[in-house]
Amino acid sequence: MNRAVIELSIFGTVLCSCWLVFWLSRRRATQPDGGYQSTREIDVDLETLKQTVIHWTTTTNHREVGILYILFGTFAALWGGVEAMMMRTELLTPSADIWSVETYNALFTSHGITMLFFFVTPVFFGIANYFVPLLIGADDMAFPRLNAIGFWLLPPSLLLARGGLPAQVVGQFLRLFGVHGDLFRFFWTLQEPELGWTLYTPLSIQSPNPQVNFLLLGLHLSGIATTLGAINFIVTIAYERGNEIGWEHLDIFVWNILTTSGIILFAFPLLGSAVIMLLLDRNFATTFFTPDGGDPILWQHLFWFFGHPEVYIIFLPAAGLMSFILPKFTGRKLFGFTFVVYSTLGIGVLSFGVWAHHMFTTGIDPQIRASFMAVSIAIAIPSAIKVFNWITTIWSGNIRLSAPMVLCISSIGMFVVGGVTGVFLATIPVDIFYHGTYYVVGHFHMIIMGIIPFMMFAASYYWYPILTGRLYDRQLALFQSLLLVFGSVITFGTLIVMGLLALPRRYAVYPPEFAPFQRVATVGAFLIGLSVLLWLYNMLWSYWSGEPVRTADVWGLKRTQQFTREWQWFEGRLEERYGVEPTEPEITRPSSTTVPGEGSPTVLRSVEPLLRTVPRIAFAAGIGGLVGTTLMSGVLFTATILGIFDLSSFSELAELVGARGVSVGYLLFLAGGMTTWALLFAVFAEYLPGRPRIITGLAYATIISVGFALAFYTGQTGLQLLGYVVFVLIAHWFYGFGLAVTFQYLSSRWQVEG
Amino acid sequence: MTGDERYSSPLSEDESTGSVVLTYGAPFLGTLLVAVGLAGGTLGGYAIAQSELGLCGNPTIVVYSPAETAQYTNPGGPTLERFSAAELTAGERHAFEEALRSPRQVADVRSEFVHRDAFRRGVLVTTGGTARYVTISSTNPCLSVDPLLFPLGVVAILLGILGILTPPLYRKLLEREERAGRTPR
Ligand code: HEM
Ligand SMILES: [Cu+2]
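For the protein sequence lines, the chains are C and Y, in the order given. To convert, take the position in the first sequence, counting from 1, and add 529; that gives our numbering. To convert, take the position in the second sequence, counting from 1, and add 49; that gives our numbering.
If we strip away everything but chain C, and leave its shape as in the complex, we get (with noise of 0.2 Å):
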């Protein structure tokens, strides 16, 4: 089929329907109440349309570059989808007998580069551009039209970049008319590049298309826009602070986006070098990259060393708005607020120091490949202090189910999916079986789907009062939020249990045997789609039919003394324009207090009594886990005498990092017990459910005893399976007793909090 015009023509049909629902919903405004303006008019002559246009292509405001800057990628984030949806099309069926293989290729392509450098870095820019000043009390950015202007350099980097399919479209039309000269064969020989986003030379360089090098232009001008911006972000931060925001008082969101800054402005430098040596070796014959005389090996370096802190950086704003709004709607701070502020930067330096792990099937030394392993395995450290951070604010706080929230936990889900998937990857052994397969599709886009979008569509639904003056339909929002969390789960679940079959990525062709699975993948897809076109409505009606806002606290932030500085502004603005007085809640609570129950507690406020207390939880910690696993190891022995347990599941562990044998294997699964599992017992012991301390140890066994089984399982089957089962869950209760008792005690005896 032609892809180009049915591309152009789906895309169209669903921004002609955006505008449909605008225009519908101006007409069916809500009443005007009072003094309040409730509908909005606009003349549609060609003096107002002039104005308009020219005050949104010169305005330098921080709030309407903001919008500008979500509008541009929400316009791409809806063409890459649209691209995601022609894929799982193609892939209904076994063969290519939808659109071609080369179809296929350039879909995969563009769609790749669309998301990740023309959705999600421009969004993020665009909220971080409305709000930031908005957080830390400045008037707007520190330069103003350097904003401007790292704005408008992103649409004619998107077109450079994507030009193809436009290219396309004219050519066909051309031909139709038949033309034939110059200009057709200029239109007719730009097309899509097929080269997966990452460019591989040297299949970049040999590549004849011509549309490879504006691509290149296009993703070194977007470079440029984002370093611009992100020195903008950097500069604002440090020095536009209002008098009484100091370092400690930055919200969280805020450190996101200076630490986001501060990774692009060391990694888009180098991939603007890299895209530059590139079109070198393409046009002008130098042999960077080229395997005779240059090294195709040193793109992937080159290139990967963006690229890892690339997946920082569209990774950290998201995880700043979570932790900046999950703790509104549980009335509690958020958790061990230092900690996350410490693991962000970590991770900024961290995130530069492990791209050779997309290198491991590349045949580099393998000394080199441990030591990248061992670094990338550290990485998942701060992620994970993120998630526990999340969950022990959620813990007992006082939940309001709304579209946000529920957004916001299922992200927290996706991110461990995705995040554990990723742990295994970084394994050298499982790396190499599971690097081309649909496991990795699954895996980062349990990430990228489950933590990005997700909090994106949170942070429209927290702030779309202040954006637009309104509310959202509320309903509406929630039925949103769960289909899209359910399209979500089901897509790359699928593509996880597909990848884990061994099913190769990037192709259109795939054996017959995965069709079923493909199908449930792509209507899983398909209910994505639908759910973000619920998401595009309710936007757009709301936008001019919505209820105006009465109060500028919304979510009773008021309440938990959460009113932060953007509402606050919000406030003042509403008071000044439409006369609408601020509130006052009957009761106020703080979000942070040492009543169990309420407020978030506060143990971790101060480093001080940490670092005494610490080592010692630690190794009370450790000493439970020793005879926990003791205790545990007598029942895998008994198991293992009546053979319903296989001793060499050992060496299976053993050789995940690299060596061999059983009693290798021991070790660390010794080493696992009194370090890994025993710590977490330990961070959490006090929010687990169960008084006695033993019942909270029991309880926490049983829930580890699931991934232990799936670890350990060696094909057992029938009776022998139910008898693995069985003992795996009395072994996990016996090491619950063993480290809960000698934890208790000894922490008891030492008299430390745990």
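These aren't lab readings, by the way, just hints derived from the structure by calculation. Beta carbons: idealized from backbone N, C-alpha and C, even for Gly.
Some chain Y residues close to chain C (C-beta under 7 Å, calculated; not the full set):
no., residue
1, A84
2, V85
3, A88
Over the 10 Å line for every Cβ pair with chain Y, so calculated as not near, a few chain C residues:
no., residue
4, S546
5, D668
6, T815
7, G1101
8, G1201
9, L1248
Here are the computed distance ranges between Cβ atoms for each label pair:
no., chain 1, residue 1, chain 2, residue 2, range
10, Y, I210, C, S736, 40 to 46 Å
11, C, L537, Y, V155, 20 to 26 Å
12, C, G1236, Y, E227, 51 to 57 Å
Assemble chain Y with the ligands onto chain C, guided by the hints.
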């Protein structure tokens, strides 16, 4: 529930299970049906449309430039079947010539394709002393699925839309009943 309430009322605190099922369950099933219907309907619909529009069955060939061809003719490489342009069937030759003219060096073979297997492996076509490497770049197979898929897909979409519209329809129904009850007999 009037329009305004949907925006401002606190959610689901006094809602009965029944109404939750209605407001969320029915549209949810509806959307699921639409998604399934989209998948099935696209496949079924495309299967019907493709042959009408001539979208399938014509494989695409790509012709390499003489320079690119060099790597296929060196002695160590595989031996490829050689054709002179005259040996090709009319359809094949036409496609070959069209590909030579096309800036992208590709063209569809629109009628009988006798040497299909050879082309799939790759052949060398000689015209006027220069050999060019030619191969099939895309086979464009026709999609064949159960003809029932299209109507079923459409039905699923329609049913789904009905499901999505259940809450407002139900509300309308209730309103009408209320009004009918209030009118004096
Ligand atoms: C509706 C949701 C989405 C669906 C159904 C989807 C689907 C897909 C599919 C089918 C592939 C190709 C897999 C392959 O053949 O290897 C892919 C690749 C990719 N997607 Fe998505 N995607 C979605 C959302 C996103 C988002 C939100 C992002 C980024 C923020 C993203 C970034 C990528 C990237 C970077 C690739 C790799 C491209 C490559 O292999 O070069 N996707 N996606
Ligand atoms: Cu990485």
